[in-house]
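S.K.: Sequence:
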Amino acid sequence: FNAELITNFAENLPKVKVIPQDIGRVLLNLITNAFYATQERSKFEGESFKPTVEVSTSSVGNNIEISVKDNGNGIPDSIKEKIFQPFFTTKPTGEGTGLGLSLAYDIVKAHRGELKINSKENHGSEFIISLPSDYQTN
-19 FNAELITNFA
-9 ENLPKVKVIP
1 QDIGRVLLNL
11 ITNAFYATQE
21 RSKFEGESFK
31 PTVEVSTSSV
41 GNNIEISVKD
51 NGNGIPDSIK
61 EKIFQPFFTT
71 KPTGEGTGLG
81 LSLAYDIVKA
91 HRGELKINSK
101 ENHGSEFIIS
111 LPSDYQTN
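Residue numbers (our numbering): -19 to 118.
In short, the hints are calculated from the structure, not lab data. Treat the hints with care, since some could be wrong.
Stated by the list, open to error - Lysine-lysine pairs mimicking DSSO-like chemistry, simulated, CA-CA at most 30 Å apart:
| # | residue 1 | residue 2 |
| --- | --- | --- |
| 1 | K89 | K23 |
| 2 | K96 | K(-5) |
| 3 | K23 | K(-3) |
| 4 | K89 | K100 |
Stated by the list, open to error - Estimated spans, in silico, between C-beta atoms of each pair:
| # | residue 1 | residue 2 | range |
| --- | --- | --- | --- |
| 5 | V40 | T73 | 30 to 40 Å |
| 6 | E25 | K89 | 15 to 25 Å |
| 7 | N(-8) | P66 | 15 to 25 Å |
| 8 | T(-13) | V40 | 30 to 40 Å |
| 9 | K100 | F68 | 26 to 36 Å |
| 10 | N42 | N(-18) | 16 to 26 Å |
| 11 | T(-13) | P72 | 39 to 49 Å |
| 12 | E(-16) | K71 | 17 to 27 Å |
| 13 | N(-18) | R5 | 19 to 29 Å |
| 14 | E(-9) | P72 | 36 to 46 Å |
| 15 | G76 | K(-5) | 32 to 42 Å |
Glycine residues also receive a C-beta, built at the ideal position from the N, C-alpha and C atoms.
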């Protein structure tokens, strides 16, 4: 992928107990999707388009939030309700299984969190993982 990765990590975030491999899988999926979206948009925008993915963290109330934001194609309103369903994909046949976002959603829910989306078609998307800072693993 040819895109700029911007990171903006908040300092002094409260600790959150997570299963690192699981949250790592969620982040890998969201970041990979973000880079894919920027590359798809760059095919139509030409040389003046600067693909950008931003990963940031913040503390919001009793939660910590991890945001993965891109300036890709965005997600049409007509399919936003479906993107977390198993086997739903917008990628061409052979390029996506449709399990990435479904699995990410389930993992975040298992950590008592939320996976939210803000997206505007032709402007980009932002996926926000919100996890309670008081979450304890068994």
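S.K.: Please go over all the hints and tell whether each is borne out by the structure.
M.R.: Hints versus structure:
1. At most 30 Å may separate the alpha-carbon atoms for a hinted pair to count; K89 and K23 exceed this at roughly 35 Å.
2. Note on K96 and K(-5): the hinted pairing holds, with a Cα-Cα distance of about 21 Å set against a maximum of 30 Å.
3. Between K23 and K(-3) the alpha-carbon distance is near 40 Å, which puts this suggested pair outside the 30 Å criterion.
4. Using a Cα cut-off of 30 Å, the hinted pair K89 and K100 holds, with the two alpha carbons roughly 24 Å apart.
5. Roughly 39 Å separates the CB atoms of V40 and T73, a value that falls within the hinted 30 to 40 Å.
6. Checked against the given bound of 15 to 25 Å, the beta carbons of E25 and K89, roughly 35 Å apart, lie outside it.
7. Taking the beta carbon of each, N(-8) and P66 are about 38 Å apart, not inside 15 to 25 Å as hinted.
8. Take T(-13) and V40: their Cβ atoms lie about 18 Å apart, and the range 30 to 40 Å is violated.
9. In this structure the hint that K100 and F68 lie 26 to 36 Å apart at CB is violated, the actual value being about 20 Å.
10. With their beta carbons about 39 Å apart, N42 and N(-18) fall outside the hinted range of 16 to 26 Å.
11. Between T(-13) and P72 the beta carbon distance is about 30 Å. The supplied range of 39 to 49 Å is therefore violated.
12. Here the CB-CB span from E(-16) to K71 is close to 23 Å, well matched to the stated 17 to 27 Å.
13. A hinted range of 19 to 29 Å for the beta carbons of N(-18) and R5 is consistent with their spacing of about 24 Å.
14. A beta carbon spacing of about 41 Å between E(-9) and P72 agrees with the range 36 to 46 Å that was offered as a hint.
15. A C-beta distance of roughly 34 Å is found between G76 and K(-5), which places it inside the suggested range of 32 to 42 Å.
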